[in-house]
Amino acid sequence: MRIDVNAFLGAYPYRRVPGTAPDRLIRALERVAIDEAWVSHLPSLFWRQPMDGNAWLYDTAAGERRLRPVPAVHPGLAGWEATVQEAADHGAPAVRCDPSHYGLDPVGPEVRGLAAACGAARLPLMMAVRLEDVRQRHPNDRAGELPAAAVRALIRSDGAVRLLITHADRAFIEEVHFGSTPEEAARIWWDISWIWGPPEDHLGTLVETVGAERFVFGTGQPLRIPENAVAKLDLLDLGAERRAAIESENTRAGLLR
Amino acid sequence: MTQIPLMLIDVHAHFYHDRTPRADWRERNTSRLSAGDKIGVTHHVASILGSWGLTSPIYFPSPPDLTYGNDALLTLQRQYPDRVRGYVTVNPNYTAHASAEITRCLGAGMVGIKLAASRRATDPLLDPICQVARERGVPLLHHVWQHRRRDWAGQEASDGAELAALAARHRDVRFILAHIGGGGDWQHSLAVLRTATNVYVDLSGSGVDGGMLEACLESVGVERLLWGTDLTMETGWAKLRYLAHLLSPAQLELVKWKNAVRIFPRGAFPAD
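Top line first, the protein sequences correspond to chains W and R.
Take 1117 as the starting number for the first sequence in the numbering used here and just add one per residue.
Take 116 as the starting number for the second sequence in the numbering used here and just add one per residue.
The shape of chain R in the complex, shown without the other chains:
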């Protein structure tokens, strides 16, 4: 019998490249990998949002910036084949480019699709992307502002209810609601996710609110929780440590990696 290795999969990571505003992009990439080693992260499932604002806005990346960023991520994936996996990032406003980019990057080994905040989740322009996700069997990680009471500058953000509406239109697609701890009223998202059974909750984000993890478990159950970090890895590690006191060892393994293995395509991780 093949032994299945224990893993820790970060479903929400980011990297940078040379055409971003960050002069320290190498240090940040190195820091993520180094901190990941200390935490025990076996796989960083990452995205790069275009040029991170250098030549097009972070949340409205241009096609050339998306291509460059996705290429940079593919390079990292080749450089660290055991540790880095990629989401292909696209802007739904450029339908043809998005479609071609998804085909290109999934073909090159990426394992999911990342949508940030270029077009609201309820918009029909997201439908062709969801159809590709269904056909290719990859999850779609969607940036979420947990309770969007108004438009915020610099992004066409969606909230949990809006993502749930998209998920209801595409019940065969697995969606990941980004960073439940990433700002905004997470209770607003959790309330709507109870019945949105094809939406998984990514626990990343800088927020480490007392009661948030209990509320996640209560709302969607341990089978729909995915571990992640986003921009703050210490908060991810803290949540993992806290969950160790809430969950049985078997349940903790679901959050650490087994749930992720279940929703990413077969072969994305060594366990399958």
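So here's chain W without its partners, still in its complex pose:
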């Protein structure tokens, strides 16, 4: 069983990306043996009203059992509380918020309010550190990366919030993990999409120092080719149990409860 918690549907505004349509994503899932993908609506991440993309996302995911919708919530816009409730009603595995793309302070009162609401609704809050390497971003793509300090602040802001952080690298993860109490750190899950394998062996190191239980399988597809996440696991001598934990069991036990 392999669950990709970090996938997108829809066009990217800054370059041509193949495979953004639902049927193409399904083919990619089959190509790399992914059983289930948590999908976000990529275009609306850049919209002034990101929540307008959620209806399409729910409809699309309803027609394909392998897709699970991760709706967007903009906590600075009226009606966001209802969007969180709607996500719970639809059985969404998480909601996402990209504060720097929305022009919000990632530790401001709006995002803290969302974190608390997610905690109350027992919904994990997904946030991306980045979507692309900062060195290659389009000149007009100026949204800041999610700071590690924001993740530390948000996990402390509410005792019930669970965070799913995608596209983080080793330094970011270590800063947050060891800058949090064990109880706080146990409410954060990291996808493996941006963590380096050999010869630097960042993922191998993190599995030993932070713990395999904190990591979940994520690809960032189709912005990134999904073969990368599989290849880095194939290069690790994890053993069947820890590999299954990262590929699906941590997601099921920690995020889908």
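By construction, these hints were calculated from the structure, which means they are not laboratory data.
For clarity, every value in this text was computed on a predicted model and none was experimentally measured.
A hint or two may mislead.
Said to hold, decoys possible - According to the in silico footprint, chain R covers these stretches of chain W (three or more CB under 8 angstroms from chain R): (1) 1122-1133; (2) 1248-1258; (3) 1313-1320; (4) 1333-1339.
What the hints assert, rightly or not - A few chain W residues that face chain R, going by a derived Cβ cut-off under 7 angstroms, partial list only: (5) A1149; (6) D1151; (7) L1220; (8) S1296; (9) K1348.
A virtual CB, placed ideally from N, CA and C, is assigned to each residue, including glycine.
Keeping the supplied structure of chain W fixed, place chain R upon it in accordance with the hints.
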């Protein structure tokens, strides 16, 4: 008839040695070889950038650091004669040292020249190095910042357009544009490489952007793509797996090794 073995040649590898800032240099070297075995890498064509910053900057290595690093690579090449090949790394600002070092290291069995970012690719100081590359029939791997909009601290980086300008001055030399996935706007490089027919694209780098490999194929064609890893071997393996769905088996062999065999000197690999 001699049977030609199937190979997987990593044209962009690095190793470390005892005089670098890395206390874990042995582990990193071992990890590269071990991961290479899992992936099926038959040859790591590698460079060592001086002291990697310990006693001179990574991208502006001093002559003594270059000599020490090249010696360390020669030692690895002797230690793993079936698996490791070397690029001699030089700093064009030290013309006499660069020339002597290239002669010394190619004579000792290295198979290419590595230029990092000590001097911009458009600078005439690179010309004598290119002339040696032509005379010796070795490729020149050039570090590239895919779209350099400004100067970056710590390196005098060149971008794809600047490397193409150098390649236009030396049409008999085979250039390798380093790590198309290594950061920067790869579309900027690919746009200029369409007509720079003596520049080959090394697919290494941590970037695994959707659409990048399709764009590489569209811009330069499968005959000018070279497989490599640089600092992240999983991304190299992922690209190989993805290419297996884009290319025919015969085309995939070009990327895996046949294109490399064609541009490195005869005898560099067992296939020739």
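Evaluation of the provided hints:
1. Coverage of the segment 1122-1133 of chain W by chain R holds. Counting CB-CB distances below 8 angstroms, 3 residues qualify, and the rule asks for three or more.
2. Remark: the segment 1248-1258 of chain W is confirmed as covered by chain R, as 4 of its residues place a Cβ nearer than 8 angstroms to a Cβ of that chain, reaching the required three.
3. Using a Cβ-Cβ cut-off of 8 angstroms, 5 residues of the segment 1313-1320 of chain W lie near chain R, which meets the minimum of three, so the contact claim holds.
4. Evaluation of the coverage hint for the segment 1333-1339 of chain W: fulfilled, as 3 residues show C-beta separations to chain R shorter than 8 angstroms, against a requirement of three.
5. About 12 angstroms separates the beta-carbon of A1149/W from the nearest beta-carbon of chain R, more than 7 angstroms, and the hint is not met.
6. Hint status for D1151/W: violated, given a least beta-carbon distance of 18 angstroms to chain R, over 7 angstroms.
7. The restraint placing L1220/W at the interface with chain R is violated, with a minimum CB-CB distance near 27 angstroms, outside the 7 angstroms limit.
8. Annotation: interface hint on S1296/W violated; nearest CB of chain R at approximately 26 angstroms, more than 7 angstroms.
9. Taking 7 angstroms as the C-beta cut-off, the interface hint given for K1348/W holds, the closest approach to chain R being about 4 angstroms.
In this structure, the earlier hints numbered 5, 6, 7, 8 are contradicted, and the remaining ones agree with it.
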